[in-house]
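J.: Given next are the chains, with one letter for each unit.
2 protein chains.
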Amino acid sequence: MNKIFAPSKEIWSDLLQRPIQDFEAIEETVRGVFLQVRRDGDAALQRFTREFDKVDIQDCRLSESEIAEAPALVSPSLKKAIQQAKDNIEKFHKAQQTERIALETSPGVYCWQEKKPIEKIGLYIPGGSAPLFSSVLMLAVPAAIAGCEEVILCSPPDASGRLHPAIVYTASLCGINQIYKAGGIQAIAAMTFGTKTVPKVYKIFGPGNQFVTAAKQWATRYGLAIDMPAGPSELLVVADETADPVFVASDLLSQAEHGADSQVLLVTTSEALLERVSLEVEVQLDKLPRKDIAGKAIANSRLIWVKDQQTAADLVNAYGPEHLIVCSQREEFYLENIRNAGSVFIGNYTPESAGDYASGTNHTLPTNGYARQFSGVNLDSYLKSITYQKISESGLMNLGPVIEIMAEAEGLQAHKNAVSLRLEKIRATLKQELGKS
Amino acid sequence: MNKIFAPSKEIWSDLLQRPIQDFEAIEETVRGVFLQVRRDGDAALQRFTREFDKVDIQDCRLSESEIAEAPALVSPSLKKAIQQAKDNIEKFHKAQQTERIALETSPGVYCWQEKKPIEKIGLYIPGGSAPLFSSVLMLAVPAAIAGCEEVILCSPPDASGRLHPAIVYTASLCGINQIYKAGGIQAIAAMTFGTKTVPKVYKIFGPGNQFVTAAKQWATRYGLAIDMPAGPSELLVVADETADPVFVASDLLSQAEHGADSQVLLVTTSEALLERVSLEVEVQLDKLPRKDIAGKAIANSRLIWVKDQQTAADLVNAYGPEHLIVCSQREEFYLENIRNAGSVFIGNYTPESAGDYASGTNHTLPTNGYARQFSGVNLDSYLKSITYQKISESGLMNLGPVIEIMAEAEGLQAHKNAVSLRLEKIRATLKQELGKS
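Chains A and B, in that order, are what the protein sequence lines are.
Each residue of the first sequence is one higher than the one before, starting from 1 at the first, in the working numbering.
Each residue of the second sequence is one higher than the one before, starting from 1 at the first, in the working numbering.
Rather than coming from a laboratory, the hints here were simulated on the basis of the structure.
Model, not experiment: these values are computed from the prediction.
Honestly, I wouldn't trust all of these hints.
Okay, the calculated beta carbon distance ranges per label pair [said to hold, decoys possible]: (1) B/E271 / A/K79: 55 to 61 Å; (2) A/R61 / B/Q178: 52 to 58 Å; (3) B/E271 / A/K196: 34 to 40 Å; (4) A/R47 / B/K296: 41 to 47 Å.
Below 30 Å or equal to it, Euclidean Cα-Cα: the simulated BS3-like pairs (lysine-lysine) are [to be verified]: (5) B/K116 / A/K116; (6) B/K116 / A/K307; (7) B/K9 / A/K196; (8) A/K116 / B/K9; (9) A/K80 / B/K431; (10) B/K287 / B/K80; (11) A/K115 / B/K431; (12) A/K200 / B/K9; (13) B/K116 / A/K91; (14) B/K116 / A/K86; (15) B/K116 / A/K115; (16) A/K94 / B/K94; (17) B/K91 / A/K116.
Where is the CB? At the ideal position from N, CA and C, for every residue including glycine.
Chain A on its own, in the form it takes in the complex (with noise of 0.2 Å):
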C-alpha cells in the first residue's frame, strides 16, 4: 500500500482523487437500448436480454410458483439471520418517521407539511457471482414503512434464466410479488417507460455496474427521480493506536473486494499503527478468494499518516467518505468534527460490514464524494413532503396586503389581483354587515 507521511494541504486534492468515471463513452449504447425499449416495449427487453445475458426470457415476470419454490432452495440459517437482519433494519427506519407539521404562522393563516409515499418504486439488484440479497432488504423495507403502493424489483437471470433464490425470497418477504427478470441497461429503460409486461415506477433505487449507473442517470431525463448518483464503494479509516491493526486491516479488505475500483484509506496518528495494518494487509490478503479483486483495490489505496486530530478530521471532510470507521480515544472529537460522511462506524468492535447487513442502518450511501450534499438511502428516499395552507378571511385581511406590495413590486399585476379582488369582495360584505347593524 501507498505510505505518505505528514502530506502538505496543496496535494490533499491530488491525494484524495477517486477513480475517474466517465460515462461519455457508454452514453451511446444507453441511448440506443432506451430508444428501443421505448418503441419496441417487451420485444427489446426480450432481445437485450438474449444478447447481454445470454439467456432467452419469454415471460420475464416471476410466476407465482417460482416464487414460491425459493424458500425451501435457501437454508434455515441464512433464512434466520435475514429475518434478524430484517428486524433491525425495520427498527431503525421506523424510528425515522415523523409526524406532520403544522402551524399557524400568522393569525389565520394555517400552514403544514404532510409527507406521502411516492406510489411506484422500482428496485434494481444487480445478478452476477453476488446474490445481493442484503440490498433487496435495506431498499424494500423502508419502501414497505413509507407505504409505496407499487414496488417492483429488477435483477438480471443467470445463464439457466433464473434468479438465485436468496434473493427472490428476501424480495416475497418484504412483501414484493412483482419480480421481473430483466438487468442492466434494459430493465432500467423498461422501468423508465415501462412495458406491457414490466409497469412505469417513478423511482428507481437500487446498486448496478457502470452501465446501470448511466442508465439510472439516463432515466433522469425522462422525468424519472434515481436514489442517489453512484460510484465505487469506499472506505475511509481515521484510527490513533488504540486500534487495533489486525481489525482496521480486515475492514479496509473487507472494502477492497467488492471491486478492483474501490477505494480504501487508512488516516492516522500512529505511525506504528500505520506500519503495523501495512503488513497485516499482506498477510489477510493473501488467504482471501477474492485476493485478485481486493489486490487490485489495495494497490490503489493509501495509509496516511497525520500530526494530530484536528488535520485527521479536515482530510475526512475534504474526502467525504462513503464509510468511515473511528477508533480513536478521541472518538467524541471526530463526531463532533465530521461533518461529510455516508455513515460511521465507532470503536474496535464495529465493523464497517455491520452495516452492510444488520446493524439497521441503510447501506446504500453516498459514494464519490457525495457524502457533502446526499443523504444515504433513509425512510425519506421514499417519501415527498407536501405543502398546504389555508387561510381565513381575517388572516387574508392581515395578510394580503404585504402579498399585493411584494407582487406589483415583482411586476406580477395577476398575482396581486388574486388578493385584491378577494380583498374587496370581504371589506364590501363587511361594510353591508355594518350597514345593516
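Chain B: place on chain A using the hints.
T.: For chain B alone, kept in the frame of chain A given last:
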C-alpha cells in the same frame, strides 16, 4: 379556454400533456460554456457576461458599498412587507427542524441518524424584468436555519452592470454577503468549478430560464446536487359550485402571467362554474399589463368538467400539479385523496399568490409532474443525514454470526473476516478471564 366535458380515461394522458421540454438542442451551448469557464475561470465569465448580458463586468463580486447602498433604494413599505414574509417563512421552516434519531436496534447495537448542513451552497436568482427577491427569501431563509456555512448568490447584471436593489437588500437581510453579478449558464458553471472570484459550491438552488435549467442539469455531471429539475409553472384548481368564479379566474391568470408556457387547469364538478370562470378569465385578462404572456398560456389551458369528486381527485393525482387550489365543500375528501401535488391552497380565501410570497411555505416546488416523486424545497433540502453505529463487544457477540452467515452467502469472505477476527479476539479474552477466575 378549451372546455372539455367528461373526458374518458383513455384521453387523460393526452389531456394532461405538458409542453415538451427538449434540452438536447441547447446542450452543445451548455457544454461549450462549461468547458470555457472550467479552463479560463473569471476571464470566461467576463467574456460570456459581455456576450449574453451585453455589459462589461471587471470584478463580479458586489462590493461592500454596493451592498450598503441597497436599503436606501428600497421603499419602506416594501421593506416592511419583505420582513413580514420573512418572519412567516422562518417560522414554517424552523418548525421543520428534527431531533437526532437514536435507538438500540438489538442489545449492544446502537444506531443513530443526524442531519448536518451542506457546507457550501449557491443560489441563482434570475434577472430580467421581474426582480425575484421573493425567491431570495425562499432559498436563503432555510439555508440560514440549516446552518449552511457558505451561501453565495449569483444573479445577472442589468445593462448598467447592476443588480436590482430589492434582490441585494433581501440577500443581505438574509445574511448573504457573497453576491456575484453573474447570470445564465456561465454563473452555473462558475459555481460548479469555482473561479478565482466565485467559490465552488456543493449544491445549486434557484429558478431560471431553459438555459439555466439545462446548465443546472449539466452541473450534476460534475458531482453537484441541484434543488430539483425544473419546468414551466403550473396551477390546477379543483372546484365545485361553492367556489367563487371571480377568484378562480384571478388565480388561473396569476399563474398564466408567469410565462407563455405556463399551464393552468380547472377541474370542476360544476358546469355552471366552468362557464362563469371561462367568461371571467376573458374579462380579467383584458386588464392585465402582462396580457400577451398570460393570453398565450391561457390558450394552452383547459377547463375540464368531471362527473364526481373521485374522478377529479384521480385527475389531480395523474397530473401532479405544482400548485393545487381546492375550493370545494368537500375539501376533506380532497385532502385525504390527493397524493401528488407540490403545494395545496385550500378554500376561497387562499390565493396561490399567498404561497408565492408570504404564507410561509416555500414557493420552489416540483413542476412537470415531478410532484409524484419530489418534494418542494424545504429545510431538508439544505441538510444531509449521516448514520452512525457503535457496537459493544457483547453486541457483536450477538449480531456477529448473522453478519457472518449473510456475508458468506453473498460470497464476500473479507466482509465475514472483519467480524470473525473480532469474535475470535473476544472469545479468546473471555476464555483467558474464565481461566483466571
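J.: All hints, please: hold or fail.
T.: To see whether the hints hold, each was checked on the structure:
Checked against the hint of 55 to 61 Å, the pair B/E271 and A/K79 passes, with Cβ atoms roughly 60 Å apart. The hinted range of 52 to 58 Å is satisfied by A/R61 and B/Q178, whose Cβ atoms lie roughly 54 Å apart. Checked against the hint of 34 to 40 Å, the pair B/E271 and A/K196 passes, with Cβ atoms roughly 38 Å apart. For A/R47 and B/K296, the Cβ-Cβ distance of about 44 Å falls inside the hinted range of 41 to 47 Å, so the restraint holds.
A hinted pair counts as satisfied when its Cα atoms are at most 30 Å apart, and B/K116 with A/K116 qualifies at roughly 23 Å. In summary, the hint linking B/K116 to A/K307 is supported, as the alpha carbons are separated by about 27 Å, within the 30 Å threshold. With a CA separation close to 18 Å, the supplied pair B/K9 and A/K196 stays within the 30 Å bound. For the hint pairing A/K116 with B/K9, the CA-to-CA distance comes to about 24 Å; that is within 30 Å, so the pair holds.
Using a Cα cut-off of 30 Å, the hinted pair A/K80 and B/K431 holds, with the two alpha carbons roughly 28 Å apart. About 28 Å separates the Cα atoms of B/K287 and B/K80, which keeps this hinted pair within 30 Å; it holds. For the proposed pair A/K115 and B/K431, the alpha carbon gap of about 52 Å is over 30 Å, so the pair is violated. Restraint check: the Cα-Cα separation between A/K200 and B/K9 comes to about 18 Å, which is no more than 30 Å; the hinted pair holds.
For the hint pairing B/K116 with A/K91, the CA-to-CA distance comes to about 22 Å; that is within 30 Å, so the pair holds. For the proposed pair B/K116 and A/K86, the alpha carbon gap of about 27 Å is at most 30 Å, so the pair holds. Taking the CA atoms of B/K116 and A/K115, the gap is near 21 Å; set against the 30 Å cutoff, the hint holds. With a CA separation close to 23 Å, the supplied pair A/K94 and B/K94 stays within the 30 Å bound.
Between B/K91 and A/K116, the direct Cα distance comes to roughly 22 Å. Compliance with the 30 Å bound is thereby established for this hinted pair.
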